[in-house]
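All chains, please: the whole structure from these sequences, using the hints.
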Amino acid sequence: DAKTTQPNSMESNEEEPVHLPCNHSTISGTDYIHWYRQLPSQGPEYVIHGLTSNVNNRMASLAIAEDRKSSTLILHRATLRDAAVYYCIPHNNNDMRFGAGTRLTVKP
Amino acid sequence: NAGVTQTPKFQVLKTGQSMTLQCAQDMNHNSMYWYRQDPGMGLRLIYYSASEGTTDKGEVPNGYNVSRLNKREFSLRLESAAPSQTSVYFCASSLTPGANTEAFFGQGTRLTVV
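Chain order of the listed sequences is L and U.
Be aware that the first sequence starts at -6, since it is given in our numbering, and climbs by one per residue.
Be aware that the second sequence starts at 583, since it is given in our numbering, and climbs by one per residue.
Calculated directly from the structure, the hints in this document are not laboratory data.
None of the values given here were measured: they were computed from a predicted structure.
Hints may be right or wrong, so weigh each one.
[Stated by the list, open to error] Covered stretches of chain U, as calculated for chain L (at least 3 residues, CB under 8 Å): (1) 592 to 605; (2) 635 to 647; (3) 655 to 664; (4) 674 to 681.
[Unchecked claim] A few chain L residues that face chain U, going by a derived Cβ cut-off under 10 Å, partial list only: (5) H27; (6) Y29; (7) Q31; (8) Y39; (9) T45; (10) N47; (11) S54; (12) A56; (13) V78; (14) Y80; (15) D88.
[As the list claims (entries may be wrong)] Which chain U residues stay away from chain L? Per the calculated CB distances, all over 10 Å, these: (16) M609; (17) N610; (18) H611; (19) S613; (20) Q619; (21) P621; (22) L651; (23) N652; (24) T668; (25) V696.
Using N, Cα and C, we set each Cβ at its ideal position, and we do this for glycine too.
So this is what it looks like as structure tokens:
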């Protein structure tokens, strides 16, 4: 499994964009890059995933580096509800390995 | 649409007791998973069922057994609970196995073993 490096914590102001980075330099060619988030006292929630191309959905955008060794989750306008732990998970099978993630704080 | 439902939400066990955690999904998903999350840490996979009738070990299977009762239900059993199994347990499901799919998680079962 690819090892990931994410900042322990980040802060953002409400209604501003947030860029959450993830390094996964040992990623394999068949690993999809997944992002999940976990709000306090809740189960993880799917955010987005991709393989090689950048991806957009109603929640966020995923920018994948050309060499796939890093990716960035982009929240276009942070809200208070986006305060959570964000996990970057490269994987290619049924075993998603959650690391410590990045704790995002959103300030009003 | 309830999604993934786990019961119970909270449980306290004495060391050596047994119990079964229940999980059901109503999304007609083929694959189901059990994770545990210890305080301040990420989730770790205990067991998964890629499809009805199959189960496989994950990262931390010791001390647990699972049953894929039917397509909807996937239970996790602790035969002899130990304090090290104090954790929050999450069940998840996905339409297909593998990585090109999204997983839906339940709200968790908070288990304390004393």
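Under the criterion of a CB-CB separation shorter than 10 Å, is D88 (chain L) in contact with chain U as hinted?
-> holds, 5 Å
Against chain L, does Q619 (chain U) keep a CB gap of more than 10 Å to every residue?
-> Violated: least Cβ distance 8 Å, not greater than 10 Å.
Could you check if Y39 (chain L) really has its C-beta closer than 10 Å to a C-beta on chain U?
-> Hint on Y39 (chain L): holds, closest Cβ of chain U at ~4 Å, below 10 Å.
Holds or violated: is the Cβ of Y29 (chain L) closer than 10 Å to a Cβ in chain U?
-> holds, 8 Å
Against chain U, is H27 (chain L) within 10 Å by beta-carbon distance?
-> holds, 7 Å
Hint check, A56 (chain L) versus chain U [nearest Cβ-Cβ separation less than 10 Å] = Violated, about 19 Å.
Interface exclusion of N652 (chain U) relative to chain L, criterion Cβ beyond 10 Å = Since the minimum Cβ distance to chain L is about 19 Å, N652 (chain U) lies beyond 10 Å and the statement holds.
P621 (chain U) and chain L, when compared Cβ to Cβ, separated by more than 10 Å | holds, 12 Å
Would you say H611 (chain U) is clear of chain L, with no C-beta pair closer than or equal to 10 Å?
-> Since the minimum Cβ distance to chain L is about 13 Å, H611 (chain U) lies beyond 10 Å and the statement holds.
Are there three or more residues in the stretch 635 to 647 of chain U whose C-beta lies closer than 8 Å to some C-beta of chain L?
-> holds (count 3)
Exclusion check [L651 (chain U) not at the chain L interface, CB over 10 Å] = holds, 19 Å
Please confirm whether V696 (chain U) is truly not at the interface, meaning its C-beta sits more than 10 Å away from all C-beta atoms of chain L.
-> holds, 21 Å
Comparing the model with each earlier hint shows violations of hints 1, 3, 9, 10, 11, 12, 19, 20; every other hint is respected.
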